[in-house]
Amino acid sequence: MKQEISALMDGELYEDEVENILSRFKGDSAARKNWAAYHLIGDVLRQPDHIHCDLSATIRDRMATEPTVFVPRGQAAKQKIRSIALSAAASVAAIGVVSWMSLQIGPEASPNMMMQQNAIRPAKAQILPSSNDYLLAHQEFSPSTDMSGGAYYIRTVSYSADDTQLKDNAGKR
Amino acid sequence: MADREVDQQLVERVQRGDKHAFDLLVSKYQRKLGRLISRFVRDPAEAEDVTQDAFIKAYRALPGFRGESAFYTWLYRIGINTAKNHLLSSKRRAPTSTPFDAEEAESFEEAGLLREVNTPENELMSKQVVGVVQASLQQLPEDLRSALTLREIEGLSYEEIANVMNCPVGTVRSRIFRAREAVAENLRPLLETSKGKRW
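The listed protein sequences derive, respectively, from chains Y and E. When the letters of the first sequence are read in order and numbered with our numbering, they come out as residues 538 to 710. When the letters of the second sequence are read in order and numbered with our numbering, they come out as residues 55 to 253.
Derived by calculation from the structure, the hints in this document are not laboratory data. All values reported here derive from a predicted model rather than from experimental measurement. Treat the hints with caution; some may be incorrect.
Unchecked claim - Stretch by stretch, here's where chain Y covers chain E in the computed footprint (C-beta under 8 angstroms, at least three residues):
| no. | segment |
| --- | --- |
| 1 | 63–74 |
| 2 | 107–114 |
| 3 | 179–190 |
| 4 | 200–209 |
Claimed, not checked - Pulled from the structure, derived: some chain Y residues nowhere near chain E, Cβ distances all over 10 angstroms:
| no. | residue |
| --- | --- |
| 5 | L550 |
| 6 | H589 |
| 7 | I621 |
| 8 | S624 |
| 9 | V629 |
| 10 | G633 |
| 11 | S636 |
| 12 | S639 |
| 13 | Q641 |
| 14 | D670 |
Backbone N, C-alpha and C define an ideal beta-carbon position, used for all residues, glycine too.
Kindly generate the complete structure, drawing on both the sequences and the hints.
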């Protein structure tokens, strides 16, 4: 118990240990005396020139005439709900700010992406529509696909103004 | 669990009707609060009364304490207000040049500016207590003395002390406890015999 009191003073106990030891303080005056003595030692070591006399007994006597403090459970629960609500509101606000920032950045980024896509597009135009069946069959057996099962339903499509010309060329071949 | 959270646990216990939990808070903060109040109220007997009043006011106000600030910050604010009201009620002015304010309560310990005047009786008892603690500390084995000093004076955590002393955290915990207990063992006869003198 004494060692736990020492660790409690230093904030070095886990939550469940704290709960346990604080419960034991209630009916153990010797434990409370140890707590007081250990704190006195700490105060003396930190401020040896500023040691006051012990007021706890006098305060205890005065408190005997005071009505016991009691906060209704509902009020305590309200306080907890309030703090949770505030945390939730802060999270929502943070998400809102991040979303708004990404929307602000969006229109600037998209032209670049469009340019990149346009740069890639001519390569697509080289794929003949007649090769779609071959690509689909290959994709179906490919182990690297991330869309297993969905590949069957994917059809490679490209559009180009030169489509008619390509068809003509294929016909000639 | 950090120190502030332990205080919050104690406060919640008081709010559920546990007066003993308030005793623990008094034991912990009475000297710090007393030093703060003696900055405002120079007379030692009056400063003692004001310190008691501040604790009683804090106890009465605890149902409204929501834990938005640290308990000790809240307590020191009550202490300052109680001291200022005491001076006003005795038609004296609180020292306006004091560099101390409620917002600075967090760094109170580091302020190192506080000088209180003790009664002759308390002065003697204070010297005896300080003498016993310091003599006991000197008698401790080096590893126990270092562990306690690093914790109480330097304010290091157990993990930091373990790094400094190159030993497991469990050993640090044990050394600090053994050091405290050895000093307390020498202190107890003095505290017991002077019970009537409020030590």
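Index of numbered hints that the structure contradicts, given in increasing order
5 and 6
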